[in-house]
Amino acid sequence: AQTVTQSQPEMSVQEAETVTLSCTYDTSESDYYLFWYKQPPSRQMILVIRQEAYKQQNATENRFSVNFQKAAKSFSLKISDSQLGDAAMYFCAYRSARDFGTGTRLQVFP
Amino acid sequence: EAQVTQNPRYLITVTGKKLTVTCSQNMNHEYMSWYRQDPGLGLRQIYYSMNVEVTDKGDVPEGYKVSRKEKRNFPLILESPSPNQTSLYFCASREIGGGPPFGELFFGEGSRLTVL
Chain Y
1 AQTVTQSQPE MSVQEAETVT LSCTYDTSES DYYLFWYKQP PSRQMILVIR QEAYKQQNAT
61 ENRFSVNFQK AAKSFSLKIS DSQLGDAAMY FCAYRSARDF GTGTRLQVFP
Chain E
1001 EAQVTQNPRY LITVTGKKLT VTCSQNMNHE YMSWYRQDPG LGLRQIYYSM NVEVTDKGDV
1061 PEGYKVSRKE KRNFPLILES PSPNQTSLYF CASREIGGGP PFGELFFGEG SRLTVL
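Protein chains in written order, with the numbering used here: chain Y, 1 to 110; chain E, 1001 to 1116.
Rather than coming from a laboratory, the hints here were simulated on the basis of the structure.
Only a predicted model underlies this, so the values are computations on that prediction, with no experimental measurement involved.
It cannot be assumed that every hint is accurate.
Said to hold, decoys possible - FRET-style restraints, in silico, Cβ to Cβ:
| id | chain 1 | residue 1 | chain 2 | residue 2 | range |
| --- | --- | --- | --- | --- | --- |
| 1 | E | M1050 | Y | K55 | 39 to 49 Å |
| 2 | E | L1041 | Y | L84 | 19 to 29 Å |
| 3 | Y | K55 | E | D1056 | 25 to 35 Å |
| 4 | E | T1086 | Y | Q107 | 41 to 51 Å |
| 5 | Y | S28 | E | E1062 | 20 to 30 Å |
Every residue, glycine too, gets a C-beta built ideally from N, C-alpha and C.
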């Protein structure tokens, strides 16, 4: 059964602006990991960022950061200073290997 | 270079003609997995393997077989392909550590399969 939900099939952002992609999940576990993967037109899947559920601090990787709300089971990805190369499909994943969301296609306009 | 290699990258075949998609990783990962990606459905797990000779079904295993005779290889077998197996397939691997699954998945470049 699908446990990861990405409610935005498509998003768009102007270059240099900020965009947030949403993800919610369902679990009864208390200790787990959450991931965002990027799939550019080349189809290669690339890890963007990872969050450990027991950590209060939101993960950050350069222009990418997450807003992790454990009680709400929400795990959104914020991309700051968007660049043309950020255009891709973005997948939220729970437990790394089993459960993926349906993806959000991000377009970046110059 | 650490990588997961899939072959073929593109394949067009006909209904019922057995095919194998190979997957090999050079990172000594215990865990390997196959996914199919379809528009609007994201990635769905087909089969996975925790180690040599240990395989288990994912969410959509019907019509597929796998084997794990060596740690580095995890081929996906379609014994009698059908048009509904037309999809983009990914192989992936990761380490297995203590505690919850935490390791980054390393993906192959994908195999685009069309069954006529």
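Problem set entry | List of violated hint numbers, smallest to largest | Checked against the structure, the hints that fail are numbers 1 and 4, while the rest are satisfied.
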